[in-house]
Amino acid sequence: MTDTDAPRPLTTILGPIRGQLAAAIVLQTAASAAGIGMLVAMAEIGKRLLDPAADGTVWAVALAGAGAALASVLLAAAANVVTHLADTALQLRLRRGLADRLGRVPLSWYGGRGSGQVKKVVHDDVQAMHYLVAHTVLDVTSVVVAPVAALTYLATVDWRLALVCTLPLAAGAALFRHAMAGAGPKMAAYGRAAREINSAAVEFVDGIAVLKTFGRAGAAHRRFREAADAFSDFFARWAAGTTAVTTTSQLVVTAPVVLLVVLASGLPAAVAGWIPPSALVAFILLAPAVAAPVAGIGTRVQALRTGLTAAGDVAALLDEPADSRRIEPVQPVGTTVRLDDVGFSYDGTSRVLEGVNLELAPGTVTALVGPSGAGKTTVARLIAGLHEPTTGTVTVGGADIGDLDPALLHRTVGFVLQEVILLRASIADNIALARPHATRAEIEAAARAAQIHDRIAAQPGGYDAVVGVDVSLSGGEAQRLSIARALLADAPVMVLDEATAYADPHAEAQIQRALSALAAGRTLLVIAHRLASVRTADQIVVLDHGRVVERGRHDDLLAADGRYARMWRAQETTTPVAAGGKKEAP
Amino acid sequence: MIRSLATALGPASAAPLRRLLALLAAAAAAQGTAYALLVPLIQNLLGDRPAAALPWLAWFAAATAGYAALTWWAQNLAFGLGQDVARVLHDRLGEKVIGLPLGWFTPARTGELSRLASQSVLQLMNVPAHLLRPVVTATVTPLVVASVLLVVEPRLGAAVAVAAPLLALTLWWSNRAVASADAARHHVMDDAAARIVEFAKSQPLLRAYGRTAREHRLLDDALTAQGRADRALLHRVVPGLVAFGFAVRALLGTVLLLGVHLALGGDLDAATLVAVLVLAVRFTEPLATAAELGASLRMAAGNLAGVNRVLDAATLPEPVRPQRPETTEVVFDDVRFGYDDRPVLRGVGFTLPEKSMTALVGPSGAGKTTVARLLARFWDVQAGAVRIGGVDVRDIAGADLSARVSFVFQDVYLFDGTLADNIRLGRPDATDDEVREAAGRAGLDDVLAALPAGLRTPVGEGGTALSGGQRQRVSIARALLKRAPIVVLDEATASLDPEADAAVQTAVAALARRATLLVIAHRLQTVRAADQILVLSDGRISERGTHADLADGAGLYASFWRERAEAEGWRLVGG
Chain R
1 MTDTDAPRPL TTILGPIRGQ LAAAIVLQTA ASAAGIGMLV AMAEIGKRLL DPAADGTVWA
61 VALAGAGAAL ASVLLAAAAN VVTHLADTAL QLRLRRGLAD RLGRVPLSWY GGRGSGQVKK
121 VVHDDVQAMH YLVAHTVLDV TSVVVAPVAA LTYLATVDWR LALVCTLPLA AGAALFRHAM
181 AGAGPKMAAY GRAAREINSA AVEFVDGIAV LKTFGRAGAA HRRFREAADA FSDFFARWAA
241 GTTAVTTTSQ LVVTAPVVLL VVLASGLPAA VAGWIPPSAL VAFILLAPAV AAPVAGIGTR
301 VQALRTGLTA AGDVAALLDE PADSRRIEPV QPVGTTVRLD DVGFSYDGTS RVLEGVNLEL
361 APGTVTALVG PSGAGKTTVA RLIAGLHEPT TGTVTVGGAD IGDLDPALLH RTVGFVLQEV
421 ILLRASIADN IALARPHATR AEIEAAARAA QIHDRIAAQP GGYDAVVGVD VSLSGGEAQR
481 LSIARALLAD APVMVLDEAT AYADPHAEAQ IQRALSALAA GRTLLVIAHR LASVRTADQI
541 VVLDHGRVVE RGRHDDLLAA DGRYARMWRA QETTTPVAAG GKKEAP
Chain S
1 MIRSLATALG PASAAPLRRL LALLAAAAAA QGTAYALLVP LIQNLLGDRP AAALPWLAWF
61 AAATAGYAAL TWWAQNLAFG LGQDVARVLH DRLGEKVIGL PLGWFTPART GELSRLASQS
121 VLQLMNVPAH LLRPVVTATV TPLVVASVLL VVEPRLGAAV AVAAPLLALT LWWSNRAVAS
181 ADAARHHVMD DAAARIVEFA KSQPLLRAYG RTAREHRLLD DALTAQGRAD RALLHRVVPG
241 LVAFGFAVRA LLGTVLLLGV HLALGGDLDA ATLVAVLVLA VRFTEPLATA AELGASLRMA
301 AGNLAGVNRV LDAATLPEPV RPQRPETTEV VFDDVRFGYD DRPVLRGVGF TLPEKSMTAL
361 VGPSGAGKTT VARLLARFWD VQAGAVRIGG VDVRDIAGAD LSARVSFVFQ DVYLFDGTLA
421 DNIRLGRPDA TDDEVREAAG RAGLDDVLAA LPAGLRTPVG EGGTALSGGQ RQRVSIARAL
481 LKRAPIVVLD EATASLDPEA DAAVQTAVAA LARRATLLVI AHRLQTVRAA DQILVLSDGR
541 ISERGTHADL ADGAGLYASF WRERAEAEGW RLVGG
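Line by line, the protein sequences give chains R and S. Under the numbering used here, the letters of the first sequence match residues 1 to 586, in that order. Under the numbering used here, the letters of the second sequence match residues 1 to 575, in that order.
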């Protein structure tokens with residue numbers, strides 16, 4: 001993200017609806033002017049009634065005034081329709097653009113952010129843009145136009161008194177600026193205090209359950225109280241310095257004060273005969289409208305600023321560089337997966353993988369074992385094409401996976417990852433993710449093989465039930481659904497992240513049966529947690545701290561008495577031999 | 001809204017709030033009086049002798065000065081009250097949270113609570129200074145002006161008086177219409193945003209299955225549907241937005257046309273007409289100001305409702321005469337419990353003998369976690385009793401109970417500090433050696449070896465710098481350090497690698513020798529090692545005994561065991 005020039009977010013984001021916004025501003029300008037027009041008509045009627053010579057035109061002016069009132073409402077409605085239509089179009093455009101960009105940024109981009117930040121942009125900022133486009137633009141327009149229109153008319157009545165009218169406005173604006181002067185650092189300090197209380201509150205609330213079980217709720221409460229007190233003290237000091245100025249700036253623009261200023265100068269002038277009394281009526285009617293906006297200008301400016309900041313953040317996300325990977329249709333030959341001297345780093349400094357060589361020959365089973373954090377899952381993600389290796393190459397059928405058409409890659413290599421992701425969509429759509437046009441019979445067959453059909457059929461919506469809305473699946477059920485998904489994808493090479501413990505043994509047995517169905521006849525890479533389950537693998541690769549430390553068959557590795565043998569023995573002791581029984585596994 | 005503010009602030013702040021409201025009402029009345037004084041002023045100004053208006057100008061100035069002084073006083077009070085709002089609400093929320101039962105803290109509630117304690121309170125600070133004044137002014141000033149109008153010009157005054165409730169009604173309706181249309185729009189926007197967030201979160205999956213934004217029909221269909229729903233909502237938003245403006249203009253237009261009709265008919269002198277028009281405009285102005293605050297008012301009302309909901313939540317009663325149990329034997333005596341009328345436990349009875357290990361097994365959803373949480377009094381039982389050493393947990397002081405029971409949950413909370421800080425939570429006065437020893441017994445040694453700063457490594461906010469298995473072990477270390485005589489362990493070893501797993505199993509076995517241990521067991525070796533196995537199904541203990549007693553029977557446990565044995569024997573079939 002390189003854009004630093006301020007107008008950029010406006011042109012990229014609001015550009016497409018510029019015309020509509022301009023039209024809405026014109027409509028709102030006319031609406032606000034017409035609203036003032038009605039007050040003008042009242043003043044003119046007063047003038048004409050007081051001057052018997054002008055009698056005939058009174059009705060015309062009265063009707064014009066009523067007409068202006070009506071026109072004002074209609075124009076305002078039209079302006080609102082235009083901004084809301086523009087907003088609707090913009091929202092769809094933004095959401096599509098954001099989704100497209102989120103689908104193309106490198107996955108590593110998510111690592112540094114987390115879904116909170118994505119949510120902030122697509123949710124909070126897009127919402128803030130709704131207010132900017134649909135409401136704030138019109139709001140600011142009317143706040144500017146109404147006083148200008150009123151003042152313009154008053155200047156034609158008596159320019160000297162019109163000048164007097166601007167005094168409260170000027171005083172209010174000056175006081176407002178004075179109150180805001182030095183507000184920059186104060187606002188920053190306020191932001192800090194508010195953030196401090198925010199994080200103290202989050203920590204207090206999130207941790208309270210655990211802290212209570214340790215009888216330590218008091219400590220967290222103290223921290224929260226300290227933050228709260230610090231905030232109150234900060235705010236008290238700030239308010240003490242600004243309350244007088246703020247209150248005065250609001251008071252000088254209230255209608256009674258403005259009227260007093262105008263009358264104190266205008267009434268003696270009228271008594272002295274310098275201006276006609278009827279001229280003063282115009283000022284009594286319209287002068288309050290000249291200064292009134294100052295009272296609300298602070299919140300409008302704030303709203304405008306919030307909206308523009310949000311627009312900037314949305315524009316920044318839309319400008320994120322997409323994954324740089326070339327997509328050239330390279331044809332793989334065969335389905336052998338190879339990792340050649342692969343190194344990988346998420347952040348560019350600490351290496352997760354270093355010099356990993358691995359070959360998955362067709363029809364073989366490879367087990368990847370090692371302590372947590374050894375880099376097993378990263379290997380799976382590299383083969384899935386989710387990340388590009390930092391050094392070395394990952395190939396399928398001799399072709400670099402970076403050069404493969406992603407669709408072809410995913411027809412060749414399928415995945416069951418331990419962290420199951422289900423979409424808020426029907427069960428059928430979730431299973432058919434890889435093949436959206438699969439028939440219901442094919443979907444059911446996959447579900448049956450994955451041991452999940454009975455569960456789906458037993459609940460009300462069946463395959464049409466929406467996950468997370470109509471039906472919530474347990475961890476084990478979600479796992480089986482993801483296996484059905486992989487079965488339907490039917491890729492010749494399968495990468496499995498084996499999961500171990502589940503809430504009940506029944507579920508685990510079913511998952512293992514489902515995995516057995518999936519494994520049959522494919523090239524397999526299994527990330528294994530239970531060594532017993534991969535004892536018969538064609539090759540076992542032991543990964544530690546990102547490096548391959550051992551590889552071979554089970555018996556050879558035991559004979560070598562290295563890392564694998566140690567792990568095997570550790571696991572043996574946790575299996576129930578201690579109680580004196582024989583090991584249950586056949 | 002004023003009432004819920006008073007409720008949220010509690011009795012201590014009732015007096016300043018009342019004083020503020022009285023001052024604001026007085027200021028608004030002074031404003032109305034000033035406007036009323038414009039009538040004789042204008043009548044004299046436009047009459048034969050304009051100089052006669054000058055004394056009225058003095059009166060007007062006096063009323064305005066009164067208004068300014070009262071407003072000044074009220075605003076100073078309001079800013080002070082705003083600070084009190086923050087102080088009082090933070091205090092009250094904090095105190096309340098300490099007293100709430102652990103069962104109250106669901107993820108949804110804690111999310112809302114942390115928002116309430118920070119953002120909502122900050123927004124509510126503005127209520128006294130920025131919302132109460134326009135609201136009070138919009139009520140009192142028009143009332144004064146309308147009364148004056150009725151006296152000055154009864155016919156036009158009557159028109160305004162009749163229109164007043166209609167205007168109020170329109171304001172109420174348009175606020176409601178905008179609120180509901182906005183809520184509907186927000187729902188539409190939230191839904192679309194949720195889709196995109198889901199799309200972002202599911203990227204590994206979607207990319208692994210070759211779906212891009214354009215091909216992801218689910219997403220684009222949803223977005224298009226949202227667009228349609230959004231447009232369909234327009235006819236509800238716009239009328240609400242312009243209704244009040246329309247009503248105000250309609251009233252002023254009516255007064256204008258009616259007044260002109262009367263004036264031209266000779267029934268009304270020009271000066272009075274002008275005065276009436278001025279008053280009519282002044283009558284509507286505070287209403288229009290208040291109308292613009294609709295959104296802020298809705299937000300404040302929502303925030304206050306949230307705060308009051310938390311403050312109203314029921315706390316667990318502390319015993320009047322707390323008792324101290326002598327032993328650590330735990331008894332569940334015919335315990336019944338359910339969530340929202342959905343019974344979970346329907347008469348659960350068992351005993352955990354002192355210094356023994358009990359494994360609790362059963363299908364998911366059977367209520368195993370509920371049993372564990374009732375032991376620590378997350379909630380109170382609905383019938384029956386939970387006793388420790390013969391004493392009902394409801395008769396044990398909260399602090400005493402939490403000192404006796406130690407928990408290892410599946411979802412581990414780590415606070416932003418070092419590993420040592422997080423482990424020391426178990427016993428704040430533990431020495432460094434004791435912390436290190438607990439860490440070692442929890443299988444953290446190889447984790448620490450890989451970290452240059454060892455125990456002084458920061459864990460990151462919420463422990464994000466650690467893996468799930470590592471967090472789990474920190475939580476075990478914490479419980480080991482606490483040395484509570486009763487330990488409840490929700491076993492989840494999925495994320496442990498074999499060597500760490502072995503270490504943890506050893507630690508658990510050690511725990512069982514010196515504490516009364518209840519394990520929600522997922523692993524066969526734990527179950528087999530237990531002194532007692534309890535099978536929970538359909539809200540009751542359906543089987544109990546040792547592994548030897550149960551394994552060969554015809555019950556649920558035996559079938560579990562067979563299935564598990566089958567799963568253990570599972571092999572990948574290559575080729």
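Any given hint could turn out to be false.
Okay, the calculated bits of chain S under chain R, using three or more residues with CB under 8 angstroms as the criterion [as the list claims (entries may be wrong)]: (1) 59-69; (2) 86-94; (3) 245-252; (4) 538-545.
Since the hints were made in silico from the structure, they are not lab data. Built from N, CA and C at the ideal position, the CB exists for glycine as well.
Results for each hint:
no., hint, result
1, 59-69, "holds (count 6)"
2, 86-94, "holds (count 5)"
3, 245-252, "holds (count 5)"
4, 538-545, "violated (count 0)"
Violation of the numbered hints given earlier is confined to hint 4; every other hint is satisfied by the structure.
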